[in-house]
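Colleague: Those sequence lines, one after another, are chains A and B.
Just so you know, we're using our numbering here: the first sequence kicks off at 47 and counts up by one.
Just so you know, we're using our numbering here: the second sequence kicks off at 413 and counts up by one.
Bear in mind the hints are in silico, worked out from the structure with no lab data behind them.
Wrong hints could be hidden among the right ones.
To be verified - With a straight-line Cα cutoff of 16 Å, these simulated EDC-like cross-link-like pairs (lysine to aspartate or glutamate) come out: (1) A:Lys65 x A:Glu79; (2) A:Lys192 x A:Asp246; (3) B:Lys768 x A:Glu129; (4) B:Lys768 x A:Glu131; (5) A:Lys65 x A:Glu131; (6) A:Lys65 x A:Asp81.
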Amino acid sequence: MSDVRTSAPGTPVAPPRRKVTLTVDGTETVAREGDTILSVCRSLGIDVPTLCYGDTLEPANACRLCMVEVEGARVLVPSCSREVEPDMNVTTDSARTRHARRMVLELLGSSVDLSTTPRVEAWMAEFGADPTRFGADVATVAQPAKVDNNLYVRDYAKCILCYQCVDACGEQFQNTFAISVAGRGFDARIAVEFDAALPDSACVYCGNCIAVCPTGALMPSTEFDMRADGTWDVSRQSETTTVCPYCGVGCNLTLHVQDNRIVKVTSPNDHSITSGNLCVKGRFGFTHVQ
Amino acid sequence: MDLRFPDLDPSPEELEALQSVLGPATPTEGWTREQGGPHRAAAVRHLLLPALHALVDRVGFVSEGGLTEICRRLDVPPAEAYGVATFYSMLPVDPVPLTTVYVCEDLACRRGGVPTGPAAEPGTRVVHAPCIGLCEQAPASLTVRSGPKPHHGIASMPPANGSVPQMGDPSLVLLRRIGTPPTLDSYLDNGGYVALRRALDIGPAAVIDEVTASRLVGRGGAAFPTGRKWAAVASQPAGPRFIVANADESEPGTFKDRVLLEGDPFALVESMTIAAFAVGAERGYLYLRDEYRSALGTLEAALASARSAGFLGTAVLGSPLAFDIEIVRGAGAYICGEETAIFNSIEGHRGEPRSKPPYPVEVGLFGRPTLVNNVETFVNVLPILEQGGNAFAGIGTGVSTGTKLFCLSGAVRNPGVYEVPFGGTLEELIERAGGLPDGRELQAVLLGGAAGSFVTPAQVNLPLTFEATRAAGVSLGSGVVMLFDDTDDLGDALRRISAFFRHESCGQCVPCRVGTVRQDELVTRLTLGRRRDGDEQLLRDVGQAMRDASICGLGQTAWNAIESAIDHLGVLQ
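Please model the entire structure based on the sequences and the hints provided.
Modeller: Here you go:
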């Protein structure tokens, strides 16, 4: 399992975990107690699509794209969060799983702007998803992007409500608790208290929500503006990983550079210190070098 | 980490209301290490929902100043508290008039056309609401008044005995005390606390044996064997355990629990006490939907008199058993009747269902083993202990044991709650309720509520048992039997059902959050003659995905009734 946090230096050695024998797509395999079906699939090279799953956070279990069939279960099972059990018989590719994945993609594609979601186009093709089947006059979450600060943009027309930004802002990483899911049902949305603007909230602009956002709903202003201008071009970007100079913690920074200008800063998810997280200085404090 | 709070204060009325729930503020309160920091915050988080209620009860809505004060007192991040408040339909976050009239627009109440409710008075807010559990009095509405004495400002609901046409019938078991005063003396005069005394005599293991022998299954809709659930909780490693009575009865067409709660409150108190004894719990929570204001008053009074007479507390009936019950008010969210969403709601979080496994018997309320049963399930334990589990199992068909409460509403002469032993047919039940009004013919019956299925007039010989309904591909659900006659517009009923699920989806998972919206759009198109090519297949595709891939029972059943209407009633032909 690629849980990077368990490999951090200084982490106590975990007690040994029992072996669990299970069958995935007809192949008998041995996993460890506590492993998820998804981690077993990935170790076997089986490509189960995920949207709301982030490898640095607890599974949110919300998008239901990673559903698999488990023999004996009445309904499909989320592979991202379900732990393996002895003698489990898992099928990752069946008519039922393909139907569920196709529909999740169609439901999301018909209500949310997925234009900056990686891999989604390929999945749409793979599962035969056609979001236009519902027609053009259906409910969507379309809305203007919220541009209320200089550092990052919240474009909730692209939000699939994966809960990852809330988890990263809250108890799983940042402990700032600036945002939450508000409302219910299709009206559910990511918001600060009383749907106020970000500068009136507890946000500290660490940008760790951007790091975990799977759809580009949260984006540094640099990237948002360049995309709006049509100048954002990943093929012309280089990535250089270095160490943040601001303090002594030693966070790794990956500088995304286009045309000799830093356009975005991230940190590797598998870096033992950051797990992909930074503070406002590391993530946004780069204008002085250019 | 210090939380950041807006620089806002509550009004004097709001402060007073909050102090009635949270007590006076202490100068050292806050997110500090000395006070236990996050641990203290976790220990008081369950006060969030009662505190939000206190604000709404007093001033009608959750103001920014009021919310901020709650957050300061309970160390809750304001964004999270806002997320909790906006999850519920009955906790407005914008200023509203002190009086709100909830006009039921659900299935039974809209048969004569969409209800308009009473003429809007100045200073009154009218809210069109999903089923408020008064289907036998359709069309129904509920008036809620905020102010200095909110509990006493509620428009009275008719007494429960008006809802039980069989009242006084000596064959009644669960409904036998309906019509007697809901006082402890009256309860004791009518066989009360016999079952608890027997339980204390035979011991916890024997109580579970009796419940298992009775073959009682859950009455909330899922029909899980009750004895097995109790045994699973009892067998957990030592430590605190909890009991939750699910009185969030919100399935459209269901009002049986309301009748029990209003008419025989001590039966629930006694049966919860027996359950606590059997599984080793010291604390029980009674999660009551907030529309049941009349039941709230009755239950509060019942708990108070049970405590003062020694039926609750540190030494129940002089035995070593310690047990008490706390009422938690819901706030307008059907999903909170889901067995894990109810835990999140009680704990002060958004009422979203949890992923299972782990199951509640292992990891439930506050992370502890928890027994959660429906009200009707609990009260069945009384006859089980009075008669013995085997005698109870002798009633009914052997597979479906005991008696069942059915909620008859819609096109029926005498709507109300009926109690019958398992085994009778749908037709017999309809006849017992006086049949259809003169000159009307049966068009369809909705069994089990919005999450249930329609059956046709040709199926009226269906025995109302778990096994027969399962074989017929339908479900008894929570006991809803709603009749539609030849004048009813089934297309309108389907649109209402799809609108209901769209309104009540919690929004956590994609298949349900978006699927219920697409289902609503498609049902509207299909039933209003705006069909496009492929719409019916699209609806089936959405329905199948909701059934297969939703997190909880809400999404998994949101397509049941609509599918049955299309397949069996030919609604779209």
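Colleague: All the hints need checking, so say for each whether the structure fits it.
Modeller: Verification of the supplied hints:
A distance of roughly 6 Å separates the Cα atoms of Lys65 of chain A and Glu79 of chain A; the hinted pair therefore holds under the 16 Å criterion. Between Lys192 of chain A and Asp246 of chain A the alpha-carbon distance is near 14 Å, which keeps this suggested pair within the 16 Å criterion. A distance of roughly 11 Å separates the Cα atoms of Lys768 of chain B and Glu129 of chain A; the hinted pair therefore holds under the 16 Å criterion. A C-alpha spacing of about 14 Å is found between Lys768 of chain B and Glu131 of chain A, which places the hinted pair at or below 16 Å, so the restraint holds.
For the hint linking Lys65 of chain A to Glu131 of chain A, the alpha-carbon distance of about 10 Å falls within 16 Å, and the restraint holds. Under the criterion of a C-alpha separation no larger than 16 Å, the hint pairing Lys65 of chain A with Asp81 of chain A is consistent with the structure, at around 10 Å.
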